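Construct the entire structure; sequences and hints are all you get.
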Amino acid sequence: MNPSFFTLLRMRWQLVTTLLLLAILMGVGVTLQTTPRFVSTARIFLATPSWNGATRNSAEASPFRGDDFARSRARSYVRMAGDVDLARRVVTKLGADRSPEALAGAVTAHLIPDTVLIDVSVADVSAPEAQRLADGVAAELAAQILALETPSGSRIPTVEPVITQTADLPEHPSEPDVWNNLALAAGLGLLAGVTGAVLVPQRPGSARSDRGPGKTVRERSFR
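Start counting the sequence shown at 1191; every next residue gets the next number (this note's numbering).
Fair warning: there could be bad hints in the mix.
[What the hints assert, rightly or not] Pair ranges (Cβ atoms, derived):
1) Thr1225 to Ser1344: 45 to 53 Å
2) Ser1344 to Val1274: 54 to 62 Å
3) Gln1355 to Met1216: 16 to 24 Å
4) Ser1262 to Ser1316: 35 to 43 Å
5) Leu1381 to Thr1354: 45 to 53 Å
6) Val1352 to Leu1212: 52 to 60 Å
7) Ala1373 to Arg1255: 20 to 28 Å
8) Asp1367 to Phe1196: 49 to 57 Å
9) Gly1219 to Arg1345: 56 to 64 Å
10) Leu1381 to Gly1295: 28 to 36 Å
11) Ser1262 to Leu1389: 50 to 58 Å
Calculated directly from the structure, the hints in this document are not laboratory data.
Small disclaimer: the values here were computed from a predicted structure and weren't measured.
In this text, a Cβ means the ideal position worked out from N, Cα and C, and glycines have one as well.
See below:
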């Protein structure tokens, strides 16, 4: 009779344990080799002071319609945050020691669902630099939005970006995620160990019980 799954695990626990520990050690090694990166985030609120000057005197002009309008535009603003041209202006103004392409690649932005709030984040190996760059990108994005949303000949923009939260100084790196790395490594190691325990061919006589040397389980059952 072939041994059951749990019997195989019990018989080959050393293999399972060895692969589990090796995987965890590899996870620790990868984590230690990963350069820490800090992420800082600034927040922009999209106000609509005179929502759409073309319709502000109509019955449809309301704060709710204004928010809908701002949200529809916000999707484009989020894409603008990672533009290389915008990053180039930030690098020039701040004198940042990185290329515009590198800064653009470190920027992420997203619209918070059901709001007119945009979070702008920048990742860097230095926490203070991540904070400085996030503030710079948010300020430049707000300036570009204001320029685009102010109609010619008008001083009142259809959408007015307001920085409601300056970038925070991150206390802990967002990368590497130590616990996630170790959990993933442990999961893969355990999977490899269990798979190996099941698939490795059984040696002759390995199913004999330690309670009766030389006798199999079936032989003892008839005694």
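Right, here's what the structure says about each hint:
{"no.": "1", "hint": "Thr1225 to Ser1344: 45 to 53 Å", "in the structure": "48 Å, holds"}
{"no.": "2", "hint": "Ser1344 to Val1274: 54 to 62 Å", "in the structure": "30 Å, violated"}
{"no.": "3", "hint": "Gln1355 to Met1216: 16 to 24 Å", "in the structure": "39 Å, violated"}
{"no.": "4", "hint": "Ser1262 to Ser1316: 35 to 43 Å", "in the structure": "36 Å, holds"}
{"no.": "5", "hint": "Leu1381 to Thr1354: 45 to 53 Å", "in the structure": "46 Å, holds"}
{"no.": "6", "hint": "Val1352 to Leu1212: 52 to 60 Å", "in the structure": "53 Å, holds"}
{"no.": "7", "hint": "Ala1373 to Arg1255: 20 to 28 Å", "in the structure": "47 Å, violated"}
{"no.": "8", "hint": "Asp1367 to Phe1196: 49 to 57 Å", "in the structure": "33 Å, violated"}
{"no.": "9", "hint": "Gly1219 to Arg1345: 56 to 64 Å", "in the structure": "60 Å, holds"}
{"no.": "10", "hint": "Leu1381 to Gly1295: 28 to 36 Å", "in the structure": "33 Å, holds"}
{"no.": "11", "hint": "Ser1262 to Leu1389: 50 to 58 Å", "in the structure": "56 Å, holds"}
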